[in-house]
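For the record, the sequence lines run as chains A and B.
If you're matching positions, the first sequence starts at 1 in the numbering used here and goes up one per residue.
If you're matching positions, the second sequence starts at 1001 in the numbering used here and goes up one per residue.
Since the hints were derived computationally from the structure, they do not count as laboratory data.
Take the hints with a grain of salt, since some may be wrong.
[As the list claims (entries may be wrong)] Under the rule of at most 25 Å between Cα atoms (straight-line distance), these lysine-lysine pairs were calculated in the DSS-like manner:
| hint | chain 1 | residue 1 | chain 2 | residue 2 |
| --- | --- | --- | --- | --- |
| 1 | A | 156 | B | 1066 |
| 2 | A | 156 | B | 1072 |
| 3 | B | 1090 | A | 157 |
| 4 | A | 324 | B | 1090 |
| 5 | B | 1066 | A | 80 |
| 6 | A | 157 | B | 1080 |
| 7 | A | 391 | A | 541 |
| 8 | A | 201 | B | 1072 |
| 9 | B | 1066 | A | 324 |
| 10 | B | 1062 | A | 209 |
| 11 | A | 31 | A | 57 |
| 12 | A | 327 | B | 1062 |
| 13 | A | 156 | A | 146 |
| 14 | A | 372 | A | 391 |
| 15 | A | 327 | B | 1066 |
| 16 | B | 1062 | A | 157 |
| 17 | B | 1066 | A | 201 |
| 18 | A | 324 | B | 1062 |
Treat the numbers as computed from the prediction; the structure is a model and nothing was measured.
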Amino acid sequence: MTQASTPTDKQETTPQFTGAEILIKCLHEEKVEFVFGYPGGAVLNIYDAIYQQDKFKHILVRHEQAALHAADAYSRSTGKVGIALVTSGPGATNAVTGIATAYMDSIPMVVISGQVPTHAIGEDAFQECDTVGITRPCVKHNFLIKDINDIAPVMKKAFHVAATGRPGPVLVDIPKDITATLEHFEYPKTLEMRSYNPITKGHSGQIKKALKLLAEAKRPMVYTGGGVVLGNASDELTQFLQSLGLPTTSTLMGLGGYPATDKQSLGMLGMHGTYEANMAMQECDVLLAVGARFDDRVIGNPEHFLSRPRTIIHIDIDPSSISKRVKIDVPIVGDVKSVLTDLNDLIKAEKPQQNTDALAEWMQQIEAWRAKKFSEFELDDKLIKPQQVIKTLHEVTKGDAFITSDVGQHQMWAAQYYPFDKPRRWINSGGLGTMGVGLPYAMGAQLAHPDAQVACITGEASIQMCIQELSTCQQFNLPIKVITLNNRYMGMVRQWQEFFYENRYSESYMDALPDFVKLAEAYGHVGMRITDPADVEGALKEAFSPKLKDRLVFMDFITDQSENVFPMVPNGKGLSEMITGKES
Amino acid sequence: MRHIISILMENEPGALSRVAGLFSARGYNIESLTVAATEDDTLSRMTIVTDGNDAVIEQIIKQLNKLIDVVKVLDLNDGKHIERELMLIKVKASSAHRDEMKRMCDIFRGRIIDVADNSFTIELTGSSNKLDAFIESLDNTAILETVRTGASGIGRGDRILKL
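In isolation and in its complexed conformation, chain A is listed as follows (with noise of 0.2 Å):
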């Protein structure tokens, strides 16, 4: 009896899945290697797919904070999407601090919450909350399913929405029951969003317009900003900047994206920034920026900012960006990369004239401006000076590892005195300024890059909010160095309650400290004291050694509690208006 192939023989032949198989085979598309997660009821379906597959490394975390954290720094430093994995109710809730904060950087992520079965949803069930409602605001985009056919097509378009335009971190929401029904899986090979299309490529007209400018300027600065990185134009910038020979100051989330070694880099600029980084960015007439956003740490007072008259040029990929807190005369709306090399390209076709004996009159009072020393700190031999541990590290490291943060003083010291020549090599919460987020952002990157030096700067206050990490570290084998610059307070508070509070030291004080070489010892790592200036370069060449390069070293830094960050523009004050310390 013959059997003519019909269309329901197909269908009957051609497997089916359930809706957690078909996720992970959606990750298994998009090339995912490590999912950061924790389980939980909603999502034992996809963990259970995930138990049964060998594609992509699952990390255990303590906190599901930790998770998103990691997935973050894991995108900061390669550039692909970081994914995270939580559960429903609490996994969500904990997650949304992780999530704000690559929102606040945007840094491309998929977060995969799991949710009550949908006849459950409204119900106030075991677990249960408004997931999609709760992130609206601070993801760029999120997705309840409702229905098995719509996973594949959801995961492409959380793909693509995370990783184009403006990066950002999506989520998409998935109920119990939806991962439990079958169904046949196909992953899209295209994709058309009517509602969403970035423009890339700069209008070539407002480039000639912008290069015109600079070329013609007397005093021209640039400055560069997160878009850089996360554009991956630090070449074409580079390419730029020195053919024309232009000034830069980039900003606490674009450093590395020039290197920050080069004579043409003022170093950052902003709330603590650079003396002649400032003076430089106050006193330009022509202004390019690049990736950056005009925030409020960096320009300081924005009337002040504005009551010097200059021209400026905006390059972003967000027009929303553009004459948001400053009106800007030349907008370019284009993907960073694409725009500054129709720049380079223009430059090579015109050889524009500059404006020379202006620029070098200009560079020299740059010049004058560096030569004053405000970033200059003085060394005692009974303290220890955290802005020495940090000098230290970038010698012992030769200035070549991933540097993660968390937030405080500490942070600016690492941005000031650990230039950065490479990009996604600096790796700190920016936009939100989330404490706890140095160890687990360490783990990412060290995850990512297995053979690299990574080191966590932290403090005090900052390590003990993600501290259960240190057992994720241990499970993974992961060699991050912890460098806590440990000053019994909360260092920038306390800084503010100094200048601003009369020393009214509320609640900034770090009380019943643990003993923390105990605490890293107990999680079965090495721990290190340090209380003498003089065993700092030993002890951090000591934790960077060939004898310890296997082994998570924590060291506790006893350091100066006096001291304070500097520069600093104070709050409503301009850029020029900096307290430099050395007012004598």
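Model the placement of chain B on the given structure of chain A, informed by the hints.
Below, chain B without anything else, positioned relative to chain A:
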């Protein structure tokens, strides 16, 4: 300045929430908001009346365009447009006032759509200014209840908002 912004967006659950959330999170003012499906049932059209200077309105339009569900945004104030709003208003209409109320209704070209011993319900359409004027023209004590839809707008002639 008062602006009418028309938004074409994906007809997905939560799309309204996203727009409302955007306005409240960034402190933009919503004077009124109305939304319904279009002739294409995959698309909704929302009309928001808001207030702000040029810089604020520019940011609002940009932030709306940034939303993934939003397909197209049009500031109707950029060109010639027509604006209409519907109001249902229940007014006191006991013996002495009945004729007067009917006269007011006729003057404003409204229609009485419900009649009771002591009240009329009037349906009135027109620009928001016209509806404001009608309310102002009545004695405060005469108004029992008002329900307004908020303004909807459409461009004149060739100004068409579509995909």
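Item to check | Satisfaction of hint between residue 201/A and residue 1066/B, Cα-Cα up to 25 Å | outcome: At roughly 17 Å apart (the allowed maximum being 25 Å), residue 201/A and residue 1066/B satisfy the hint.
Checklist entry - For the pair supplied as a hint, residue 372/A and residue 391/A, is the alpha-carbon distance within the 25 Å limit? => result With a Cα-Cα distance of about 20 Å, the restraint between residue 372/A and residue 391/A holds, given a limit of 25 Å.
Next on the checklist: Can you confirm whether the C-alpha distance between residue 157/A and residue 1080/B stays at or below 25 Å?
Outcome noted: Roughly 37 Å separates the two Cα atoms, so the pair is violated.
Next on the checklist: Tell me if the straight-line CA distance from residue 1062/B to residue 157/A falls inside 25 Å.
Outcome noted: Between residue 1062/B and residue 157/A the Cα gap is close to 22 Å, so the pair holds against 25 Å.
Item to check | Given pair status - residue 1062/B, residue 327/A, alpha carbons within 25 Å | outcome: At roughly 15 Å apart (the allowed maximum being 25 Å), residue 1062/B and residue 327/A satisfy the hint.
Next on the checklist: Next pair to validate is residue 31/A with residue 57/A; report whether the Cα-Cα distance is within 25 Å.
Outcome noted: 11 Å, holds
Checklist entry - Between residue 324/A and residue 1062/B, does the CA-CA distance stay at or below 25 Å? => result 10 Å, holds
Checklist entry - Within a Cα-Cα threshold of 25 Å, do residue 1090/B and residue 157/A meet the stated pairing? => result Answer violated: residue 1090/B to residue 157/A is near 49 Å, above 25 Å.
Checklist entry - Given the hinted pair residue 324/A and residue 1090/B, is their alpha-carbon gap at most 25 Å? => result Given pair residue 324/A, residue 1090/B is violated - Cα atoms ~45 Å apart, limit 25 Å.
Checklist entry - Given the hint that residue 391/A pairs with residue 541/A, does the C-alpha gap stay at or below 25 Å? => result Holds, because 13 Å separates the two Cα atoms, which is no more than 25 Å.
Checklist entry - Hey, residue 201/A versus residue 1072/B, does the alpha-carbon distance stay inside 25 Å? => result 20 Å, holds
Item to check | residue 1062/B paired with residue 209/A [C-alpha distance capped at 25 Å] | outcome: At roughly 23 Å apart (the allowed maximum being 25 Å), residue 209/A and residue 1062/B satisfy the hint.
Violated hints, listed in ascending order, are 3, 4, 6; each of the other numbered hints is respected by the structure.
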